[in-house]
Each structure stands twice: as structure tokens, then as C-alpha cells.
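Novice: Sequence:
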Amino acid sequence: MSVNHDLSESVALGSPSDSDSDLEDLQDDIAKFDQSVREFLHSHQGRLESPFPVRGVTRGRGARGPRKAAKPRGDITARLAKVNQAFLSGDYSKALDLVSEVIRINAETHQAWTALSSIFREQGENARALSAMVYAAHLRPKDVAAWLECASFALDAISEDEASNLHTARLCYSAALRADPTNLDARLGKATVCHRQGHLAAAISEYSIVLKYHPYDLDIVRKLAEACIDNKNTESAVPSAIMAYRRYFDYEIENTPSYGADAPWHDIGIYVELIASTGAYAEAIHELKALSRWLVGRLQEQYWDHWQIDDCEWDETDERRSHVPHFHDSLFSPELYGPSLPLDLRVRLAIYRLRLGEEDEAFRHLTWLDPDSPRTLDFTTEFPFISYDLAGELAKYGQAQIAIRYLELLRATAEDPDAVLLVQLGRCYLATGQQSTAEECFHAAIDAEEYNIDARIELANMYEKAKEDEEALILAAEAMALKEAQGHPTSSEPLTKEQLHKFSMKPDHGVRCMTASQTRAGPRQAKAKSTQTARILPRRYRAKRFANPDKRRQDERSRAIKLSRQYELVRGLKQQIKSGYNDLIPVWLESCKELVDDFRSLKRFYTWDKYLHFLGRKQLLEQFASEEASTELSQMFERLTRSLAPQGDSLPGPGFDNHQGISFDDWLDLFLDYAIGLSLAHRREEAYQVSSLSVEALLTELVCAINTNDEEKCITIARHLMRDGGISDSSRMFALLSKLCQSPVSWYTSGPAQKFILRQIKAIDMSYEAAGNNATGKDDLDQNATAAAKLSMDICLLMLYGHILFTSTSYTYAIGYFLRAWSLDHENAMVNLSLGLAYVHYGLKRQSTNRQYLLLQGQAFISQYVQSGENEPQRQAERYYNVGRLFQLLGIGYLSLQYYTKALEANTQAGGPKLLKDIILINEIISLLSTNHKNLAHQLLVRNLRL
Numbered sequence: 001m002s003v004n005h006d007l008s009e010s011v012a013l014g015s016p017s018d019s020d021s022d023l024e025d026l027q028d029d030i031a032k033f034d035q036s037v038r039e040f041l042h043s044h045q046g047r048l049e050s051p052f053p054v055r056g057v058t059r060g061r062g063a064r065g066p067r068k069a070a071k072p073r074g075d076i077t078a079r080l081a082k083v084n085q086a087f088l089s090g091d092y093s094k095a096l097d098l099v100s101e102v103i104r105i106n107a108e109t110h111q112a113w114t115a116l117s118s119i120f121r122e123q124g125e126n127a128r129a130l131s132a133m134v135y136a137a138h139l140r141p142k143d144v145a146a147w148l149e150c151a152s153f154a155l156d157a158i159s160e161d162e163a164s165n166l167h168t169a170r171l172c173y174s175a176a177l178r179a180d181p182t183n184l185d186a187r188l189g190k191a192t193v194c195h196r197q198g199h200l201a202a203a204i205s206e207y208s209i210v211l212k213y214h215p216y217d218l219d220i221v222r223k224l225a226e227a228c229i230d231n232k233n234t235e236s237a238v239p240s241a242i243m244a245y246r247r248y249f250d251y252e253i254e255n256t257p258s259y260g261a262d263a264p265w266h267d268i269g270i271y272v273e274l275i276a277s278t279g280a281y282a283e284a285i286h287e288l289k290a291l292s293r294w295l296v297g298r299l300q301e302q303y304w305d306h307w308q309i310d311d312c313e314w315d316e317t318d319e320r321r322s323h324v325p326h327f328h329d330s331l332f333s334p335e336l337y338g339p340s341l342p343l344d345l346r347v348r349l350a351i352y353r354l355r356l357g358e359e360d361e362a363f364r365h366l367t368w369l370d371p372d373s374p375r376t377l378d379f380t381t382e383f384p385f386i387s388y389d390l391a392g393e394l395a396k397y398g399q400a401q402i403a404i405r406y407l408e409l410l411r412a413t414a415e416d417p418d419a420v421l422l423v424q425l426g427r428c429y430l431a432t433g434q435q436s437t438a439e440e441c442f443h444a445a446i447d448a449e450e451y452n453i454d455a456r457i458e459l460a461n462m463y464e465k466a467k468e469d470e471e472a473l474i475l476a477a478e479a480m481a482l483k484e485a486q487g488h489p490t491s492s493e494p495l496t497k498e499q500l501h502k503f504s505m506k507p508d509h510g511v512r513c514m515t516a517s518q519t520r521a522g523p524r525q526a527k528a529k530s531t532q533t534a535r536i537l538p539r540r541y542r543a544k545r546f547a548n549p550d551k552r553r554q555d556e557r558s559r560a561i562k563l564s565r566q567y568e569l570v571r572g573l574k575q576q577i578k579s580g581y582n583d584l585i586p587v588w589l590e591s592c593k594e595l596v597d598d599f600r601s602l603k604r605f606y607t608w609d610k611y612l613h614f615l616g617r618k619q620l621l622e623q624f625a626s627e628e629a630s631t632e633l634s635q636m637f638e639r640l641t642r643s644l645a646p647q648g649d650s651l652p653g654p655g656f657d658n659h660q661g662i663s664f665d666d667w668l669d670l671f672l673d674y675a676i677g678l679s680l681a682h683r684r685e686e687a688y689q690v691s692s693l694s695v696e697a698l699l700t701e702l703v704c705a706i707n708t709n710d711e712e713k714c715i716t717i718a719r720h721l722m723r724d725g726g727i728s729d730s731s732r733m734f735a736l737l738s739k740l741c742q743s744p745v746s747w748y749t750s751g752p753a754q755k756f757i758l759r760q761i762k763a764i765d766m767s768y769e770a771a772g773n774n775a776t777g778k779d780d781l782d783q784n785a786t787a788a789a790k791l792s793m794d795i796c797l798l799m800l801y802g803h804i805l806f807t808s809t810s811y812t813y814a815i816g817y818f819l820r821a822w823s824l825d826h827e828n829a830m831v832n833l834s835l836g837l838a839y840v841h842y843g844l845k846r847q848s849t850n851r852q853y854l855l856l857q858g859q860a861f862i863s864q865y866v867q868s869g870e871n872e873p874q875r876q877a878e879r880y881y882n883v884g885r886l887f888q889l890l891g892i893g894y895l896s897l898q899y900y901t902k903a904l905e906a907n908t909q910a911g912g913p914k915l916l917k918d919i920i921l922i923n924e925i926i927s928l929l930s931t932n933h934k935n936l937a938h939q940l941l942v943r944n945l946r947l
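If you read the sequence shown in UniProt numbering, its first letter stands for residue 1, the second for the next number, and so on.
Hints were generated in silico from the structure; no laboratory data involved. Keep in mind that a hint or two might mislead.
List of simulated lysine-lysine pairs, DSS-like, C-alpha gap at most 27 Å [to be verified]:
| # | residue 1 | residue 2 |
| --- | --- | --- |
| 1 | K562 | K578 |
| 2 | K914 | K934 |
| 3 | K914 | K902 |
| 4 | K212 | K232 |
| 5 | K551 | K562 |
| 6 | K562 | K574 |
| 7 | K465 | K551 |
| 8 | K578 | K551 |
| 9 | K551 | K574 |
| 10 | K544 | K562 |
| 11 | K739 | K914 |
| 12 | K465 | K396 |
| 13 | K713 | K762 |
| 14 | K755 | K739 |
| 15 | K917 | K739 |
| 16 | K739 | K762 |
| 17 | K562 | K593 |
| 18 | K845 | K739 |
| 19 | K917 | K902 |
| 20 | K465 | K544 |
| 21 | K94 | K82 |
| 22 | K739 | K713 |
| 23 | K934 | K902 |
| 24 | K467 | K593 |
| 25 | K845 | K755 |
| 26 | K544 | K467 |
| 27 | K544 | K574 |
Derived Cβ-Cβ restraints for the label pairs, each shown as a range [unchecked claim]:
| # | residue 1 | residue 2 | range |
| --- | --- | --- | --- |
| 28 | D550 | D447 | 19 to 27 Å |
| 29 | H938 | Q123 | 45 to 53 Å |
| 30 | R140 | T381 | 14 to 22 Å |
Here the structure is a predicted model, which is why all the values come from computation and not from measurement. We put the CB at the ideal spot given by N, CA and C, even for glycine.
Let the hints inform the model, and build the full structure from the sequences given.
Specialist: See the structure below:
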């Protein structure tokens, strides 16, 4: 078969072939392998003198395909023999060196790469072994067996890097198909890999091509069916699986009149479920009965194909069958009718009859499945998904009491609590008026799956009807927060039939078990998602509103005792951590989390706005509700918010000073310690959530931001501290926080920060201007008061804005604000230093027009800076050092050395810090080296070097 014919068959199946993209991927990978070979050779033998060409590049006008490999030279053969000897003797290091030498001489030696792969495999380096195998294979691209071996090895090593190895295996199978398009092993392998990758359309296409050559291979038919069911586009995929099964059964009926113990009963179930998934329940019933008749050996009784008004063919007695024409001529034993139909197929018949609205016929089948019979318990254990489907259909048709019995059997046989099963069971109890039991089921569902949405919706509906509006609103908000975080559609309706009704497969058929309901796998999928949406909601105690009052009081007492013990445990762990047992920190964090979650889950401690913010960012909840206004959940949320929230903002009074016997001061300490602990563990978002729970925790949130290097949060909090204005410390705090956070200065110099501070300066200027205008024409006393008010302007605010402009290299504008500060305080050392540096940096810019003037002006302010500190010996060393740095920046080495010398003398006389001395010495040595005084620099270094 040609490649073109192969591709045309793929397109004919409705799914375009991906061979072209696979070819491009393979060529890209080959180029990467070539590069890795060069790097490998370079790491072992140094730079190659003549790198080998990349395969696939045109070598000439007439060149087509890979050239035939040349026979290895004698010296190469001899070296390969030594490689084999070293490998067989177990000296893999020597073998690796020898084979590296062979590759350095001729990198296209196929035997060298296979030997290298074997060496890596023996050393346990599977990734490198696979790379060497693939490179060896593409040196002989027509060798199908080599490509298949590479793919098999990649799949065997799948646990190391699943995504990468699956991709490599797929490329290898594609290369094998290009070498031999008729190789069905390669095509089947590629289909399997595509299925595992989730590329279901490609897998279906490949399975379909294989079935053209082996249409009656049941294993391939099963794999195709599984891929079709998994495919999202079920409507277009399932018919191909139905046709494959139909073709198989037609062949088997024609060639195998009867079956023994290995009868494919399970495949009949798969086949009819595929048909039922398209909504053709009558056809599914017809096929189920016809194929079952064939397997029990009554193929001749084809007259039953025309009797579809009921299922009397599979009754236990002949009472109804006796009314069917031709049945009197039957020669078969009564055991080949009702008793011979497997129970799982009978239950499917009952389900299909219920879906067609034929309840009487469905309940005739259910007489075989008595909930009190041990046989039924065994059935639910073996076929849990079919049992769940049956219970769901019974509930839909108002038979909730019977559905409960089957669901309770499922619950008893389940190894772990299943949230979806518990939700369905709760709905059935609710339908029968057993509200307390239903409530327990929904609570158990939330306990089994922390982020279960359906259970919250059901509870919210129950509580709204019972006038428990506060709890109903909380549950509705939780459900909407979860939907927003997980990207689920906002809907409180049960899952559709297409979602619920899937077929189950036995593992011994080589196909993974399919769920009768996708929700059976839901808890695990939801738990996986919960790691991405960690701490969407606080884990909270949920009182049962419909429980007996005595039981509620007992639960409250037990909970209070548990929290008290937990608090004592947390205090004990904290004391041990202070004593140096840092390994207890994770245990302490987890213990604190339980207490904090309990406290923050109580609505009475917060206003509605703040509480809803904890549940899911209130503005997003409102936006979500407005976008999905037509759904029942969003309507309930809006209704409860409108009716309850305005009245629900009353907080506990002054006399309420504790919770569960723990004072609020202790709770606050616990919250703040826990938030800081989370920040030190780099759990930033959780730390912010906890610290935001108290209005007094702003500084704690600030500490968390510093610990996690969150500069945006630091700047936000600093702006909050400056919002009221009027004090210099807030401006200093802004600068300090920007320095403490170990991250770039982008937020410090950002546009929003500049605008925020400039607005404050303008507001002060406007107030002074207004004061000046009011004083116009008045006596000198008022004008003097206005002048005094101007002098009281915050210098720190002007300097902060000037430094922001300075840091963003806007020196011209920075000088303007520094001069305003200087006009208010001529002797301020920081103002003079900042002005001097600003003028010098501006003078060093290429765009400066009068560089000499700017540099001299800067030096003038620097001189004032030095002179103003003559009466402060402790600070004089630092001033001299700063001036020395300035002259070093200007390239005036002899002046910088003079000031460094003065700085050292001043620091020694004042008994200054040793760190400053070391810094001065380092800069002095660098200055000497820059002026080519190497001997002096060496002497200074040797004189002060400490080992």
C-alpha cells in the first residue's frame, strides 16, 4: 500500500491524517538530536574539527532519500570490537570512552550509536539510551524493526517522563509507517499512543485503518469503541464503533453458530450502550435481544425479531410467550429463555424501557433484582455503574424509594465514600420527604469531596425552603465561587443522560474500565482541580439544621472540646519551635489551619461583604451572577442577597469577647502568627487571605509581602499608609518598603506610584495657594502665617518623589523637586547629597547641553554636603566615602583616593564600623587599579588581607 493511499483512507474516515505534522515533528527532532550529538561529542572529546551535516539537507541536485551507509573503515571496526569487549566485561566507563572516540571519528556509525544506547541502558540512564536509539534508527530510516524497538523502549520507560516519551514513541511509529505503510503493528502502536495522549480523532482514524485489514479482531474493535466514547464529539465518533461491532457480530453469527463459556456477553453490553448513547433505545433493545438469542443457541427463532412490543421472550415463564405466534413450535428448553439472559443485560433492558416510558415492562425485569436478595448485592458489587444508572432512572420516574434501596447497596459495597453517589442518594431521600437523612447525605458528600458543588446547591435549596436564609446564601456563594474557580457551567440541574450513561468494560478484556457515569470519576478529578484552586473556601463546621436538637447540642459540645484541645496543641508546638525544633513547623501550620478555618467560617464575626469576599471575591460572584442570570443557582444567590444581606451586618456586641472559650486577643495572635508562618513557607496567597481577616493586621500583611518579595503588595500597602498624608514617616515607609523587597524597582518607579505621590504634592500646593489667595490684601500678620504654612510642607514627600524620578533617570524633573526641598532646608545633608548626585548624573547624560556647568553645580552641592557634617565625626567617614565614590564615577582617580584616605582616617578616629572600612578599602583598590597603580593596589591589598 502506498503512503498516498494510506492518507486518502484516513481522510475518508472523516479525520484528517496527521502524518505530515508527524513528519515535520520528526525532522525537527532529528535536528535536535544532531545538535545533542555535537554537544555530546564536545563534552567528551572537545570541539569537533569538522561537524557532520544535518540529515535531511539537500546534498545535490539528484540526491533523493538517505544515502547508503558506507562500510566502516578498518580502524573503526577495530575500535568497535574493543567497545564490545569492554561492554561484555562490564567496564562501561571504558566502553563509553571508546564509543565516544568512534563517534568523534565518524558520527554516522550505526553500530556505535546502538552500542552507546546499550551502555546507557545498563547504567540506568534511560533518557540518554532512548536518544541514542532514536539517532541510530534515523541513520537507517527504512529499518522498521529499529523504529518499533525505539517506540517500545520509550513506552517501557514511560514513568520517567510520560509526555516526552509518548511523543517520542508516536514519532517512531510514524517513521515506521513512512518506511512501511502496511505495517499494522506500527499503526496499532501509533493509535494506542494517540489515545493515551488524548488525541482521540487521530487514534480513531488509525484504529479504523487497522480494522480495514482485521475487521473481526475483537480487541481492536474494543479499543476503537473506547476511543469513540472518550471523544468529545460523540455524535460523529460513536457510529464508527457501532459499525465495527455490527460487522464483527455479523461475521461471528455467520461463522460461529454457538458459543461456550467464552461467549462475548460483555461486548453485547458495550455494543448496545453505544447504540443507546445515540438515543436509539428501541434499536438497542432489538440488538440486545437478537444477539443474546444467538449466544444461548436459539438463532433459528428469528420470528422474535418482529415481536418488539414487550420482552416476553426473556420472561421466566411461558405465560406471555404462549401468546406469540410460532412459539408453540419451539423445540428449545425453557432454560434457554429467561434464566439464560445475564442479569446485567436484563438491567439494561429495564433501563431502556424506562427511558421509553414503558414502566410496566421495566419493572417486570426488576423482579429479577430484588434489593433484599444476596444475589442483588453481588450484582451491585460486580456492576456498580449499571446499578447507579438504574437507580437514577428509577428516581426520574418517581420511584425514589426503590432507587434508595439500590443506592444504599452501592454505598455499602463502596470502599470509600463517593460524593456523586451520596448526592444522588440525598436527592432520593429528599424526594421521599426524609429531609434529615437527605441533609446527612449532602453533608457526607461535601466531606468526601471538599469542592463538591451539587451537594451545596441541594442544601441551599433545602435551607431556603426552611427559611434558613443565612446558611442558604453562604452555600450558594460557595457553589458559585467553586464554579467560577473551576470553570464549570453554572447549573443546578442533574447531569445529562449523555454524561451519566456510559458503558462499563471489564479489565480482563484489555480495555480500561469505563464509568457508567463520568461523575463516578468526578471526585478524583475534582480533588486534582482542588490543588489548583487551593483554599477557595474555608473548611468550616456545618451544623445540621434538620437534625434532632439533642444531637445538635451534642455535636456542638464535641466540637468545642476538639477546638480547645487543638488550641492547646498549637500553643505547645509554638513553644517547641521557639526552643529550636524547626522540624515541627509544618505540623504547627496544619494545626493552625484547622483553627483558623473554623474561625473564619463563622459569619457572625464579619459583615456580609467581607464574608462573601472570603468565599469567592464578592465582585466576581456578582459578575458571575449577572452573566448567568437565567440559571437557578444565580437567581437564588441574587434573591437571597437582596433579601438577607442588607439586614445581616450586625456584629457581636462588646460583651462578646471570645469564641469557643478562646479570647479574641488569642485568636488575633494565632491569625497573625499563622499568616507570617505561611509567608515564610512561600504560601503567599494563603498568607494574604489569613492576614486580611482582621482590620488590625495591615502590618502583618506587610510583613508577609516582604517575606514573599511581593513588591506590588508592598507598594499598595505603602500607598495605603500615605493615603491620609500629612506625616513624614509614611513617606519614609514607602521608600523603606521598596528597598526591603528584593525585587526590581519597577513598582517603585511605576506610573501609578508617581501619579499617586504627585497628586498628594499638588493637593498640598493647592491648599497653600488657596491660603495665599485668601491672605491677599490683608495685614502682614496673615501673610506671615501663610509663609510659615508653606515652610511646614513635608520635605520627605518632595524628596520621595524626586528619588522616584531620579531612579527612573528623569534627572531634570528630579532636580526640580530636590530644589524645592532645598529651599525649605538648606543645611539638610540628604538634600544636598541628592542634588549633587542628580546634577552629576544629568551632566553625564549624552543629551546634556552644558555638561561642565552641571558637573560644577553638582560638586558645589556635594561640598555643602561634606561641610554640613564637620561637627559629626561619626558621620564624616561616610560623607568622605560618598564624595570619593562621586569622583571615582567622574574618573578623577587622584581626588577619589584623597577622599578614600580621609574616610579611612575619620572612620578609625571615630571607631566606626568595620564593614565601612572594608568597603572603603575595596573601592580604593579598584580606584588604584583603574589609574594603573597596580603596585600600590597590591600593597594595599596585602596589607589589609585577612585569611
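Novice: Quick one, are K562 and K574 close enough, alpha carbons at most 27 Å?
Specialist: holds, 18 Å
Novice: For K739 and K713, compute the direct alpha-carbon distance and say whether it is at most 27 Å.
Specialist: holds, 13 Å
Novice: Is it true that the CA of K917 sits at most 27 Å from the CA of K739?
Specialist: holds, 23 Å
Novice: Hint check: K551 vs K562, CA-CA at most 27 Å. Holds or violated?
Specialist: Measuring from Cα to Cα gives roughly 16 Å; hence the hint holds.
Novice: Does K762 sit within 27 Å of K739, going by the straight-line distance between their CA atoms?
Specialist: Distance of about 26 Å is within 27 Å: holds.
Novice: Cβ-Cβ distance between R140 and T381: within 14 to 22 Å?
Specialist: The hint (14 to 22 Å, Cβ to Cβ) is violated, given that R140 and T381 are roughly 54 Å apart.
Novice: Given the proposed pairing of K94 with K82, does the C-alpha separation stay at or below 27 Å?
Specialist: holds, 9 Å
Novice: Given the proposed pairing of K544 with K574, does the C-alpha separation stay at or below 27 Å?
Specialist: The given pair, whose Cα atoms are some 34 Å apart, is violated under the 27 Å limit.
Novice: Is K544 within 27 Å of K467, Cα to Cα?
Specialist: holds, 14 Å
Novice: Need the status of pair K562, K578: alpha-carbon distance at most 27 Å?
Specialist: Within the cut-off at roughly 25 Å; holds.
Novice: Holds or violated: are the alpha carbons of K845 and K739 at most 27 Å from each other?
Specialist: holds, 25 Å
Novice: Mind checking the alpha carbons of K914 and K934 for me, to see if they're no more than 27 Å apart?
Specialist: holds, 25 Å
Comparing the model with each numbered hint stated earlier shows that hints 8, 9, 24, 27 and 30 do not hold.
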